[in-house]
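Asker: Okay, so the sequence shown: first residue is 18 according to my numbering, each after it adds one.
Rather than coming from a laboratory, the hints here were simulated on the basis of the structure. Note that CB positions come from ideal geometry on N, CA and C, so glycine has one too. Worth double-checking, as some hints may not be accurate.
[Stated by the list, open to error] No farther apart than 20 Å at their CA atoms in a straight line, the calculated lysine-lysine pairs in the PhoX-like style are these:
1) 120 / 150
2) 22 / 150
3) 118 / 187
4) 253 / 224
5) 22 / 286
6) 281 / 187
7) 281 / 253
8) 224 / 21
9) 286 / 261
10) 187 / 208
11) 22 / 281
12) 151 / 97
13) 195 / 21
14) 195 / 151
15) 21 / 187
16) 151 / 22
17) 195 / 286
18) 195 / 208
19) 187 / 22
20) 187 / 150
[What the hints assert, rightly or not] Okay, the calculated beta carbon distance ranges per label pair:
21) 152 / 283: 34 to 42 Å
22) 270 / 83: 24 to 32 Å
23) 179 / 69: 33 to 41 Å
24) 268 / 154: 27 to 35 Å
25) 118 / 78: 15 to 23 Å
26) 249 / 132: 18 to 26 Å
27) 215 / 270: 38 to 46 Å
28) 152 / 52: 21 to 29 Å
29) 125 / 278: 36 to 44 Å
30) 210 / 79: 30 to 38 Å
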Amino acid sequence: MNGKKILFVSSELVPYLPENPVSSMSYEAPRMVNSNGGQIRIFMPRYGNINERRHQLHEVIRLSGMNLVINDMDMPLIIKVASIPRERIQVYFIDNEEYFKRKATFTDADGNLFPDNDERAIFFAKGVVETVKKLNWSPDIIHVHGWMASMVPLYLREYYADEPLFADSKIITSIYNKGFEGELDSEMINKVAFDGIDKETVSALAKPDYNNLLKVAVDHSDAIILAAEEVSEEIKDHIANLSKPVLPYVSLQEAEEAYTNFYKTEVLK
């Protein structure tokens, strides 16, 4: 991986959020690349339950300040950064008062999905791409983890299709079984269509449940990693029909060798 540039985009990441399959692998995968000579950038949302003082987050003024249009509304983009000290890894946080100030990640105190989770996912996807553009950093691979990041492949391939910075970037989506019950806002497909994306391209979002968000993500990815032992049959069947490189599930102990080989031999070939 020497010199290769990999952008990691994740819904969750330790040590900023509790340990689970998504947050753990979102930490381990960049650590592996970093230790093997690759260049990395990590992006995640700045949820309100992340302790900014303890983790020493600070705003990057030169990257903040633009407005992103979400469903015909101007939403200010704030970029913060922090470092994971023992690994010397920098993490970029996508922030917005309206979407990410609340003291929770995906659900309220009663376990109900936030009604604007669809807009938060769209904002996150656009925020990541716009920030990487400002950094003028052209990744060889963009590796997506978690459903809040699931709009990234779609927006890169459709909304930002003519952006030269990503012309040669390959997109990998990791599939986990850590999803959500129910559906996001039923208007999600129209909010995506507002950005000029053909509804036929995202017809699965007519019913924006966890599996359908993942289907849209893998449809616009170049390769797929099964990051959980148990993945729904619906998703597995969908992936099987795509004829794209797939890395079957491997344990954390096997991940470094397996991921590195997959990056080099299947994705960057």
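Asker: Evaluate each hint against the coordinates.
Answerer: Right, here's what the structure says about each hint:
no. : hint                  : in the structure
1   : 120 / 150             : violated, 29 Å
2   : 22 / 150              : holds, 14 Å
3   : 118 / 187             : violated, 32 Å
4   : 253 / 224             : holds, 18 Å
5   : 22 / 286              : holds, 15 Å
6   : 281 / 187             : holds, 11 Å
7   : 281 / 253             : violated, 24 Å
8   : 224 / 21              : violated, 37 Å
9   : 286 / 261             : holds, 13 Å
10  : 187 / 208             : violated, 26 Å
11  : 22 / 281              : holds, 12 Å
12  : 151 / 97              : holds, 14 Å
13  : 195 / 21              : violated, 29 Å
14  : 195 / 151             : violated, 32 Å
15  : 21 / 187              : holds, 12 Å
16  : 151 / 22              : holds, 16 Å
17  : 195 / 286             : violated, 30 Å
18  : 195 / 208             : violated, 25 Å
19  : 187 / 22              : holds, 11 Å
20  : 187 / 150             : holds, 16 Å
21  : 152 / 283: 34 to 42 Å : violated, 27 Å
22  : 270 / 83: 24 to 32 Å  : violated, 42 Å
23  : 179 / 69: 33 to 41 Å  : holds, 36 Å
24  : 268 / 154: 27 to 35 Å : holds, 32 Å
25  : 118 / 78: 15 to 23 Å  : holds, 19 Å
26  : 249 / 132: 18 to 26 Å : holds, 25 Å
27  : 215 / 270: 38 to 46 Å : holds, 43 Å
28  : 152 / 52: 21 to 29 Å  : holds, 22 Å
29  : 125 / 278: 36 to 44 Å : holds, 42 Å
30  : 210 / 79: 30 to 38 Å  : holds, 33 Å
Going through the hint list in order, the structure does not satisfy hints 1, 3, 7, 8, 10, 13, 14, 17, 18, 21, 22.
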